[in-house]
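Now for the letters of each chain:
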Amino acid sequence: MLQIDKEKCTGCRLCEMMCSFRHEGECSTAKSRIKILKDEEFGNCLVLVCMNCEDAPCVASCPTEAFKKDDNSGIVALDESLCIGCEACIGVCPMETIVLDKDKNTVFKCDLCGGDPECVKWCTRGAIKENDIGWQARQAYIEQANKMRSPNSA
Amino acid sequence: MHGWAGKRLKVYLTEGKLVEEELTEEFRQEYLGGRGFNVRTVFDEIAPGIDPLSPENVLTVSTGPLAGTAAPGMTRWTVTAKSPLTGIIGDGNGGSDFAAELKFAGYDQIVVYGRAASPVYLFIKDSRVELRDASRLWGKTTWDTHKLIVKELHDSQIRDLIIGPAGENLVRFAKIITNMTRAGGKCGMGAVMGSKNLKAIVVRGSGSVKIASPDAFYQAAQQANAKLLASRFHRQVLGEEGTPYLIKFLTSERSLTTRNSQAGYFEGWEKLTSEAFESSYAVKHGACFSCPIACSHYYRVKDGPYATHGGSNQFGTLYPFTSRCGSDNLAASLHLTTLCDQMGIDTHSCGATISFAMEAWEKGLITFKDTDGLDLSWGNADSMIKLVQKIAYRQGFGDILAEGSLRASAQIPGSASCLTVVKGLECSSYYPGEGEHKIIGLAFATSPIGGSHHRGGFMGLHSHPKVRQALGEELARHLRDHTTYKGQGVLLVVENDFVAALNSMETCLLLCQYGLTADDLAGLVSAATGFDIDGDALLKIGERVFNVERAFNVREGIRRKDDTLPERFFVEKETPYGKTGINKAKFQEMLDEFYSFRGWDKEGVPTRKKLEELNLGYIAEQIPAS
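Each protein sequence line maps, in turn, to chains A and B.
Just so you know, the first sequence maps onto residues 71 to 224 in the numbering used here.
Just so you know, the second sequence maps onto residues 7 to 632 in the numbering used here.
No wet-lab data here; the hints were simulated from the structure.
Among the clues, some could well be false.
[Unchecked claim] Computed cross-link-like contacts, PhoX-like style, restricted to lysine-lysine with a CA-CA straight-line distance of at most 20 Å:
#: 1; chain 1: A; residue 1: Lys172; chain 2: B; residue 2: Lys216
#: 2; chain 1: A; residue 1: Lys191; chain 2: B; residue 2: Lys233
#: 3; chain 1: B; residue 1: Lys567; chain 2: B; residue 2: Lys608
#: 4; chain 1: A; residue 1: Lys78; chain 2: B; residue 2: Lys290
#: 5; chain 1: B; residue 1: Lys592; chain 2: B; residue 2: Lys567
#: 6; chain 1: A; residue 1: Lys172; chain 2: B; residue 2: Lys131
#: 7; chain 1: B; residue 1: Lys13; chain 2: B; residue 2: Lys131
#: 8; chain 1: B; residue 1: Lys492; chain 2: B; residue 2: Lys585
#: 9; chain 1: B; residue 1: Lys585; chain 2: B; residue 2: Lys567
#: 10; chain 1: B; residue 1: Lys396; chain 2: B; residue 2: Lys375
#: 11; chain 1: A; residue 1: Lys78; chain 2: A; residue 2: Lys217
#: 12; chain 1: A; residue 1: Lys191; chain 2: A; residue 2: Lys76
#: 13; chain 1: A; residue 1: Lys174; chain 2: B; residue 2: Lys290
#: 14; chain 1: B; residue 1: Lys590; chain 2: B; residue 2: Lys608
#: 15; chain 1: A; residue 1: Lys76; chain 2: A; residue 2: Lys174
#: 16; chain 1: B; residue 1: Lys290; chain 2: A; residue 2: Lys76
#: 17; chain 1: B; residue 1: Lys131; chain 2: B; residue 2: Lys146
#: 18; chain 1: B; residue 1: Lys131; chain 2: B; residue 2: Lys153
#: 19; chain 1: B; residue 1: Lys546; chain 2: B; residue 2: Lys472
#: 20; chain 1: A; residue 1: Lys105; chain 2: B; residue 2: Lys131
#: 21; chain 1: A; residue 1: Lys78; chain 2: A; residue 2: Lys105
[As the list claims (entries may be wrong)] Using C-beta positions, here's what the derived DEER-type ranges look like:
#: 22; chain 1: B; residue 1: Glu246; chain 2: A; residue 2: Cys156; range: 30 to 36 Å
#: 23; chain 1: A; residue 1: Gly155; chain 2: B; residue 2: Glu627; range: 41 to 47 Å
#: 24; chain 1: B; residue 1: Arg138; chain 2: A; residue 2: Gly155; range: 29 to 35 Å
#: 25; chain 1: A; residue 1: Arg219; chain 2: B; residue 2: Asp542; range: 47 to 53 Å
#: 26; chain 1: A; residue 1: Glu124; chain 2: B; residue 2: Arg306; range: 35 to 41 Å
#: 27; chain 1: B; residue 1: Glu28; chain 2: A; residue 2: Asn175; range: 27 to 33 Å
For each residue, glycine too, the CB sits at the ideal point set by N, CA and C.
Chain B with its partners taken away, still in its complex shape (with noise of 0.2 Å):
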C-alpha cells in the first residue's frame, strides 16, 4: 500500500468492541481520504432522523492519502457526523500533527459507534488499540486532559483529540481540540464526542508512509514548495502576518463582519490588526505538520486581567470576540481564545451566539434579569468571558446560549430578526451585506454544513478552464467585478468542488488559496499513491463528496427554501462606497444557475442523471425523486 495506510478502525463503544477493517480500493479511489472518506460513512451508517446526540450518531475522523508525508500543508484531518447544531452534515477540519501521527499507527480512518457506559478515551499505540477508563479526566479541561494523559501514558509526544467540558455538557458548538492550540471547530462534532462518553482519541505511531514514485514525489514535493515559498501572498502574507492579515483586508472591503453582521466596517480595527499583535503579544510562528509557511502564531498577555497564552491567533479566532461583538480590546480576544481552547468550544459560533444576544440586549429584548445580572453592551469583554465560562458549564443564562443562536432565540420572544444563520450554523468570517461579494453570500447559502465560509467562493478560480468554458470569456472575464451576480453559481460550483477534493486530500485550504492547484495536488497523489490522476480528475471526486453530502441533506429534508441567507444580508442600501446588499431576485437567479450547474432540479435535489455520472447510482434509491 501506497500513500494510504489502507486500514479504518471501528470502535463500537456500547460493546467495547475494536474491529480493523481494509479500505477497499473503490472506497480509496472515489473518496481519496478525509472530508470524502467521511461522507460516504456517514450517508451509509447514519440512519436518517435519528437524534444527532444519541447514540444512533456516527462519528469519523479521517485523514488523507498524503498526510505523513513532505507533501506541504496535507497533513490535516476532517471529523465529521450529525450535527447536534444543525441537524444536517456536520464537520469539523484541524491541523497539526495527528493525522500524521495516526497514519504512522496504521490507520486512515476512524469510524464511532454507540455510547460507553463511562467516559472512556482511546489509545492507539500502532497494532495496539484499547479503550481506557477516562472517569478521572471527566469535568477537565481540554489543557488538562492533554496533561494528564501524557503522565499516565508517560510520552510527551503523544498526538490527541480532546474534548472540555463543552463537549461533556454537550455544548451544541463544542469543539475538538488536538495538542492543545489546534481545532476542529464547527458543528459542534465535541458534543457528539461528550454523548458518546468518548473524552479523547490518543495517538502514537511508528510506522511509515510508503511512497509509489519516490522520483517523481521527491520532484513533486520541491515543485509545490517552491511554488508557496515564491508566492508573496503565502511566505510574506500569511507567512509572516497569519490569517489575522484578514482584519485590514476585509476593512478595506468593507466585509468585516461588526456588531452581529450589521455593518461591514468596525470603526476599532486599528487595534485588531496583525501588526498590532506582532508588536505586544506575538511569541512566534507556529506550523502544522509538513508546512513550510507556519501561518499560525504562539502568543503571550503577559499580565493584567486578560494574562493567557496559547498557540493559535488566527482570524476565525480573532474576529469572533472583536468586530463581531464590538469590542477592540486584543488582549481579551486572546484571552477568549485560549479559553475556548481550554473548555472546547467553537470560537465562530461562540462569538456569533454573543452577539446575537448583545444586538437582543441591544433592541431591550433581554435584560440584567436574563442575563444573570451581565451587562451586555458592545464590546462589554468582562462579560464575554463570564458568558463564555457559563456557556461550557449551562450556567443561567449560559444554558440558553449553549444551545446556538437558533435555538437561544426561540426562547427570547422577537429575537428571530438578530439572528444570522444559514441552516442553524452561524455564518462565519465574511459578512456578504456590505461588501461586493456576492458570490460569498451565494457559498454561505448553499455549503453543506451551513453558513460555513470554507466551502468556496474565495479560492480564485475566476480563469479556470471549467468557469470560461461554461461562461465564455467575456462573462467570466466579467466575474472580477465581484458585484455581479451573473455567472458567480458556475464559479462557485467549480470551487465547491476543488474545496471538496482538496479536503478529501486533507490539503490545507490556503495554500490553495491562489497557490497550489488541481493539476499540483493531482501530481503529488498519483506520485504518493501509484493511482494515476489529473486535476479535473481530482474535481470529479470533489463533485462526488459534495453530491453525497447534499443527498445526506436531502435525505434530511432540505430543499431550496433552506439555501438562503439572513434577512440581513438581503438589505440594499447606498453607502458612499456603492450600493450593498445582495439583491433578493437576483439572489435566486445565482441559485437556479447554481442547481443547473450542479445538474440539481429546480428544488436543490441532486438529479438521477447526475448521480449515476458520479457513480452514485445506489444513492438516488435512498432520496426523494428529484
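Chain A with its partners taken away, still in its complex shape (with noise of 0.2 Å):
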C-alpha cells in the first residue's frame, strides 16, 4: 500500500511523470495513476492515488467485474481486458484516481507497478513511502484528501 505524506510533497510531480512512463512509455500527467493537485497561493499539494478501498466501491460499480480485490493482500486489481469504458467506476471513486484511456476506451488505476511502485522510487523528500498501512490510516487520508480540496480546486 501507498502511504502519503502530502506536508512532504513539493510538488515537483516526478511520480507522475515516471508512473506514465512506466505504463505507457511515454510523459504525460493525464496517463499517470497517481495525482497532483496544486495550490500554489499556499504551496498544499494534494497526492491524489488509489488507497485500495477496504469496501471498494470500484468493484461493486463494475458491470464487467474488471475490479477484483484481493482478500489476502486487500489490493484492488483492474483486468483492462474486460473494460468497457462505462465509466461507472469513475464516478464513485472518493480518491478520483481512476481515469479513461480515451484511446484505448479502457479504465487505468494504479497497480503499484506489480509490487516495486515506481513513484516511491522518485520521491526525494519521502512524501510517498510504500508501507503496510491499515484501513483506518488509508480512510483518514481520504477524508483529509477531501477536506483539502478548497473551493479554489475544481
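Take the two lone chains and join them into the complex the hints point to.
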C-alpha cells in the first residue's frame, strides 16, 4: 500500500512523470495513475492515488467484474481487458484516481507497479512511501484529501 | 515526433487570428528550444529600430525538448521580445509547471504579434485555442486574475502567464507571473504583454511527450537525478537552504551588493540568512516541475505590519529589498516579494531603482517635495512598500521610477553617478566592485540583455577541456584565483555558451552549476528526441544562440563602447581584505580576449567567418560588416 505524507510533497510531479512513463512509455500527467493537485498560493499539494478501499466502490460498480479485490493483500486489481469503458467506477472513486484512456476506451488505475512502485523510487522527500498501513489510516487520508479540496480547487 | 511537440502557435492579436505551424527539423536541431527558439524568431520577426511598446514588437514564449518529461529540472520557459527597458534583446526565464502544460497541449512555442483592440487572454486547451475577453480582468492583480480565470474555466489546475497592474501600466520592468508565485522577471516582458493588451496566456494539455529511446532515457534521467542527490551543494545547500544561502556566501566574499552597490558588505546580513528565514517564516519547500531539489520556500509572516504569504523566497527576491536598500527587515522583504508578484514587478530592477533613488536622497539630489513626502533614507521599508505601489500604478514619483533607473536619472539632475546599469538593465545580485570576481564584471558588461548575472561567470567550468586547450594547463589553473584577469575572457565564453545551451534546453541553471554537465544534458536530449548530440555539439548550439543575440544587438547599434560597467565598479580600493575593484585598463584587455576568442572584431561585431561557421551566413547580411 502507498502511504502519503502530503506535507512532504514539494509538487515536483516526478511521480506522475515516472508513473506514465512506466505504464505507457511516454510522459504525461493525464496518463499518470497518481495525481498531484497544487494550490500554489499556499504550497498545498494534494496527492491522489488509489487507497485500495476496504469496501471498494469500484468493485461494486463494475458491470463486467473488471475490478477484483484480493482477500489476502487487500489490493484492488483491474483487468483492463474486461473493461468496456462505461466509466461507472470513475464516478464512485472517492479519490478520483480512476481515469479513462480515451485512445483505448478503457480505464486505468494504480497497480503498485506489480509490487515495485516507481513513484516511491523517485520521491526524493519521502512523501510517498510503500508501507503496510491499515484501512483506518488509509481512510483517514481519503477524508483528509477530500477536506483539502478547497473552494479554489475544482 | 519525440521530445518536442513540433509545433508553434502564432497569435495575431490585431486581426484576432491564430495560426498553427510545424517547426522544421533544421530549426529544432539548430536552436533546441526555449531561449534558442526565441532569439532566432525575434531576430527574424522584429524590424530594427522599432519601439518595444508598439504593436511592431514580437513576444515569444518557448519550452525545451525535455519539458514535460522526468528529466530533472528541465521544464523551464523563456519569454523574449525587444526590451522596453533596454531597447535591445530582452528575456525572462521562469519555472513552475507552465512549460509542461504547454507541451502537453501540443506546442513548443507561442509567438505573439500586433495589439488587441481591447484586453484579451489566450486560452489553449489542447488543439482548441481561442482569444477570450479579459476586460473584467484588466486592472486586477496577478493573484486575483489567476483566481478569476480558475473560476471562469472551472479548473484549478490551469497553468498561466499573467501580468499585473504594472504590466498594464507599461512599467518598464514589469514581469510575467506564472501561477501566482513564479516569474519570468527581467527586461520588462510584462510591459510588452501589456502594450499588446494581452492580460494572460492560459494553458491546459492532456497529451504526452513521446520518448525516442525509453531505456536510455530512463537510465539518463536516473543518473542525472542520482548525481544531483549525491551533490552536497544541490541536496543540502539548495535543497535545504535554497538560494538565500547566498546571503552568507556573498558576505564572506564581500560581494553582497549593499546600498545601491556602494559596498559588498552589509552589516545587517545575519538577520537575512536562510537560518533566520527558516526559524520565523518558512512554511514548506516548493519545486518546479520534475525537480528533485526543490530550492524554493513558501513563507508566511503571520502578523504585524508586514503580514503576508507567498511562494518563493529566493535570493533574487531577497537582496533587492534588503542589503541593496540598506534594510535588515526580512519580514518587510517577504511582504515586498508578494507585493511585487501581485503587481507584476521585477524584484531585481525594482529594488535597484529604489536603491538608486535612496542614494540620490542620501546625496541630497531629491527631497520630500520630489518623493511625494516619502522619506527615502536607507532601510525605510515602509517607504519602499509605498513606492512599489506608486510604481505599479505610475503615481507621482512612482511614475518617474517606473521608467527604470536610467531614464529616471535623466529627471534627477546629478544622479547619473548613482546608476548601476549596463545597457539600461540594473546589475543584479553580485557586486563586483569590492569582491574579487573579475569575471563577474566582464559577464555583466557583455551579457546580451544588459547587467545580468545569469549568462555565465560562476558556472565553475575552469577545468573544461576547451578552456584548458585555449589557455594551456598552467594559466587555466590560475583562473581559480578570482583576482586575476588573464584567461577569464576565455572562461566566460565557454560558460556563456554552456548557459545559452542549457537555457535553450530550458534546464535550470542552478542544477548545472557544479552539477549536470553538457554531456549529461546531451545524453538526455539524445535519448528523448532521437537527435544524437554530444556535449560539444550542445555548446556549439549555445554559441550559435549567443551570436544571434549579439547580432540582434549589433543591429540595434550596440558596440564595444556599450560593453562596459557602471563607474563605481572601476574604483579600486585598498581594503583590509585586499585590493578591490576592477582595473579599467585590465578590463579592456579582458574584453579584447573575450572578443578575440568569440571570433568577434575589436568593436564586438561577430565576423562573417564566425557567423558562417555557425551556419548563420544570412545574418552577416543583416548587420554592419565587421
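We went through each hint and held it up to the structure:
no., hint, result
1, A:Lys172 - B:Lys216, "holds (17 Å)"
2, A:Lys191 - B:Lys233, "holds (15 Å)"
3, B:Lys567 - B:Lys608, "holds (11 Å)"
4, A:Lys78 - B:Lys290, "holds (8 Å)"
5, B:Lys592 - B:Lys567, "holds (15 Å)"
6, A:Lys172 - B:Lys131, "holds (16 Å)"
7, B:Lys13 - B:Lys131, "holds (14 Å)"
8, B:Lys492 - B:Lys585, "holds (17 Å)"
9, B:Lys585 - B:Lys567, "violated (26 Å)"
10, B:Lys396 - B:Lys375, "holds (15 Å)"
11, A:Lys78 - A:Lys217, "holds (18 Å)"
12, A:Lys191 - A:Lys76, "holds (16 Å)"
13, A:Lys174 - B:Lys290, "violated (39 Å)"
14, B:Lys590 - B:Lys608, "holds (17 Å)"
15, A:Lys76 - A:Lys174, "violated (32 Å)"
16, B:Lys290 - A:Lys76, "holds (11 Å)"
17, B:Lys131 - B:Lys146, "violated (23 Å)"
18, B:Lys131 - B:Lys153, "holds (18 Å)"
19, B:Lys546 - B:Lys472, "holds (12 Å)"
20, A:Lys105 - B:Lys131, "holds (19 Å)"
21, A:Lys78 - A:Lys105, "holds (15 Å)"
22, B:Glu246 - A:Cys156: 30 to 36 Å, "violated (49 Å)"
23, A:Gly155 - B:Glu627: 41 to 47 Å, "violated (58 Å)"
24, B:Arg138 - A:Gly155: 29 to 35 Å, "holds (32 Å)"
25, A:Arg219 - B:Asp542: 47 to 53 Å, "holds (50 Å)"
26, A:Glu124 - B:Arg306: 35 to 41 Å, "holds (37 Å)"
27, B:Glu28 - A:Asn175: 27 to 33 Å, "holds (29 Å)"
Figure legend: structure checked against the earlier numbered hints; hints not met, in rising order: 9, 13, 15, 17, 22 and 23.
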